[in-house]
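Enquirer: The opening position of the sequence shown corresponds to residue 1 in full-length UniProt numbering, with each subsequent residue numbered one higher.
Quick list of the computed label-pair ranges, beta carbon to beta carbon:
1) N257 with V96: 38 to 44 Å
2) N34 with T159: 43 to 49 Å
3) E55 with V195: 51 to 57 Å
4) A103 with G193: 52 to 58 Å
5) F54 with A103: 22 to 28 Å
6) E165 with N62: 37 to 43 Å
To be clear, the hints were calculated from the coordinates, so they are not data collected in a lab. From the three backbone atoms N, C-alpha and C, an ideal C-beta is built for every residue, glycine too.
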Amino acid sequence: MNEITTPIQITNTPDGLRVESTTIAEGTGVQHKNVLELIETHRAALEEFGQLAFETRPGYNNAPVRIAMLNEPQATLLMTLSRNLGRVVEFKVALVKAFFDMAQQLAQRNLPSRADLAKWVLEAEAKTSALEAKVAEDAPKVLYVDSFVADNDTHLFRTVASNLEVSEGDLRAALKFAGWIYRQEQRRRNSKGKVITEYQWCEYATKKPFFFRKAAHENAPLFKGSVAFTLTITPAGAAAITEFVERLASEHGSLRNALPTLQEKYNDRQERLRKECA
1 MNEITTPIQI TNTPDGLRVE STTIAEGTGV QHKNVLELIE THRAALEEFG QLAFETRPGY
61 NNAPVRIAML NEPQATLLMT LSRNLGRVVE FKVALVKAFF DMAQQLAQRN LPSRADLAKW
121 VLEAEAKTSA LEAKVAEDAP KVLYVDSFVA DNDTHLFRTV ASNLEVSEGD LRAALKFAGW
181 IYRQEQRRRN SKGKVITEYQ WCEYATKKPF FFRKAAHENA PLFKGSVAFT LTITPAGAAA
241 ITEFVERLAS EHGSLRNALP TLQEKYNDRQ ERLRKECA
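When you get a sec, could you build the whole thing from the sequences and use the hints?
Expert: Shown next as structure tokens:
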């Protein structure tokens, strides 16, 4: 096997490590337009690992060139979907190594010094003492706050939906179909012995920074053996959801108009997963 000797450019973006589709085209010896066609063909599968990101840059004679920015799972899946011809196999190995090396460099770069650690411990101890005193003082208020007031740093779905002038149901449906959140359900008997169905929304691992699980009040029943919670939206999540909704509105006229397309893609993914698991 001939090793790839040219360094593969991995970019550290606010959304994580990314590799450009032009880099993949160059590394595999495939025309860039063919790489973009492969991405579009398998877009639904690739977006199982996050929304695809694109940039437009001037190319030959200043003609606009559309470039895909792929995260590690997306790039790895794209390589899996590529035919093992020419340099493709060698590039697959080099690409995985490039992502690993960049992650290691960032981890080393971000390691705190011993002095920093000592300072953080002292600060944490001081904050803990202050919080313990505050908890004792506010104990009578806690149940009310947990039951009726959203976390100060997070937003309820209905609040974000209202700010975007869309319905909460449409927003939840769009996020579900796009692979941001999913709904769990359980059946249990209530105090009168009647079987009832309860639901709880959860976030997918790739979208965890966008959501916060706010614990339910202390007397709430367990949900699937764990303490029940309400899924709320972080400030970062609100910004990402706003961008997501605005993009859909731009492409389809409104969020509601986008739902059939999103649902069709969602159903296709579910059917493909069922076939793979059969």
